[in-house]
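**Q** If you want the building blocks of each chain, they are given just below.
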Amino acid sequence: MTTLEKQFAQTVAEHKSTIYTVCYMFSQDADEVNDLFQEVLVNLWKGFESFEHRSDIQTWIYRVALNTCISLDRKKKRRQSEVRLTMDINLFEDRDEDTKQVGMLHKRISKLQPFDRAIVLLWLENLSYEEIGQIVGITAKNVSVRLFRIREQLKNIKD
Amino acid sequence: MNNNDFEFENMRQQMTTLKNKLNKQEIVNDRLIRHSMKQTAGNISRRYYMIMALCLLMIPYSYWAFVKLNGFSIPFWIFTCIGMLICGGGTFYNSRKLSDSNLMTNNLVDVRRRMARAKKFDADWLFIGIPFAIVFLGWFMYESYLLHPDAFFNGLFWAGCIGGTLGAIWGFSLHFKTQRQYQEIIDQIEDLTDEA
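First to last, the protein sequences are chains A and B.
Residue numbers for the first sequence follow my numbering, beginning at 97 and rising by one.
Residue numbers for the second sequence follow my numbering, beginning at 37 and rising by one.
To be clear, the hints were calculated from the coordinates, so they are not data collected in a lab.
Bear in mind the structure is a predicted one, so any value in this text is a computation, not a measurement.
Among the hints, erroneous ones may be present.
Some chain A residues close to chain B (C-beta under 7 Å, calculated; not the full set) [what the hints assert, rightly or not]:
1) Val108
2) Gln197
3) Val198
4) Gly233
In silico DSS-like links for lysine-lysine, alpha-carbon gap of 30 Å or less [stated by the list, open to error]:
5) Lys55(B) / Lys207(A)
6) Lys55(B) / Lys203(A)
7) Lys57(B) / Lys102(A)
8) Lys112(A) / Lys207(A)
9) Lys196(A) / Lys60(B)
10) Lys237(A) / Lys60(B)
11) Lys112(A) / Lys203(A)
12) Lys60(B) / Lys207(A)
13) Lys57(B) / Lys196(A)
14) Lys57(B) / Lys251(A)
15) Lys55(B) / Lys251(A)
16) Lys207(A) / Lys237(A)
17) Lys57(B) / Lys207(A)
18) Lys196(A) / Lys55(B)
Selected chain A positions facing chain B (in silico; Cβ < 8 Å) [claimed, not checked]:
19) Gln134
20) Leu208
21) Ile234
By construction, the Cβ of each residue, glycine as well, lies at the ideal position given by its N, Cα and C atoms.
Throw the hints in and build the complete structure from the sequences for me.
**A** Right under this line is the structure:
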């Protein structure tokens, strides 16, 4: 492995839960999570060398992950990955109490439009309105307006 | 849960639960990462190299085909080369703005702006491409007439006209297809980002 490849592997390992969370929220089953995860990694690698560290790496990862997931969600494009995600967790099938809670979160978020899904996901990650705005490309004021509407919308979603 | 009691804070707690579960997992293996890295040399890089290679190849090829083989003038060859280089350079410049890495690492609103700029650049390209094609075809006919007047009146003229027409149809269909694709992407992003 070259130095760049090692750096990339380390970055992915450090931010795996961030990437996985985004993929999970844009998926309907475990296979789709695998496909999205793979696709996000490919896009991260494509831009990794040219990433200039002008923004926080986590912000950049969010941006790539969300763009990839929204883009694939938009096209409803599915491709079968040759390499599967190695994990013991299946948030779509496990039945313990924590997974049920996570499932409720997934159910609510998945009813939102992809762009709103991205905003609420970033808000749940405790990012500031400014940071959310930078990632999705709208103003902080616009983020707060949209979050207010999302909140109203979520109130009306039946569990 | 009572819908009226629903608060974002509950979702934050659920998110914390999710993170805790994920942090306990070994999600990524080396093979998955390596597999991702192997896919770098994608379509975009290949397209860049192909465009640049074709432009460079056209310089010696057109010299051989026009000047050496048919005796066309050197200024005509230089004109052809300049046209090819401008065309290749313009395509390369526009494609670079649309590379996968650019699309994925910028926010959607920026992507939309890039798309709009690329679409305009592509549309404006006709102001250069059409005059160039007309001058090129006219000059080609003129050179053919000077060198082979008999052949010119015995079919070369019509062959040039048919070739030019077919080229124009192909070029325009590609142009409109590209414009339509740009617009589809812009529309899709607007659907996502517009206020509900």
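**Q** Does each hint fit the structure? Answer for all of them.
**A** These are the hints, each one checked on the structure:
| no. | hint | in the structure |
| --- | --- | --- |
| 1 | Val108 | holds, 6 Å |
| 2 | Gln197 | holds, 5 Å |
| 3 | Val198 | holds, 5 Å |
| 4 | Gly233 | holds, 3 Å |
| 5 | Lys55(B) / Lys207(A) | holds, 21 Å |
| 6 | Lys55(B) / Lys203(A) | holds, 17 Å |
| 7 | Lys57(B) / Lys102(A) | holds, 26 Å |
| 8 | Lys112(A) / Lys207(A) | holds, 24 Å |
| 9 | Lys196(A) / Lys60(B) | holds, 17 Å |
| 10 | Lys237(A) / Lys60(B) | violated, 36 Å |
| 11 | Lys112(A) / Lys203(A) | holds, 22 Å |
| 12 | Lys60(B) / Lys207(A) | holds, 28 Å |
| 13 | Lys57(B) / Lys196(A) | holds, 12 Å |
| 14 | Lys57(B) / Lys251(A) | holds, 26 Å |
| 15 | Lys55(B) / Lys251(A) | holds, 24 Å |
| 16 | Lys207(A) / Lys237(A) | holds, 24 Å |
| 17 | Lys57(B) / Lys207(A) | holds, 23 Å |
| 18 | Lys196(A) / Lys55(B) | holds, 14 Å |
| 19 | Gln134 | holds, 7 Å |
| 20 | Leu208 | violated, 10 Å |
| 21 | Ile234 | holds, 7 Å |
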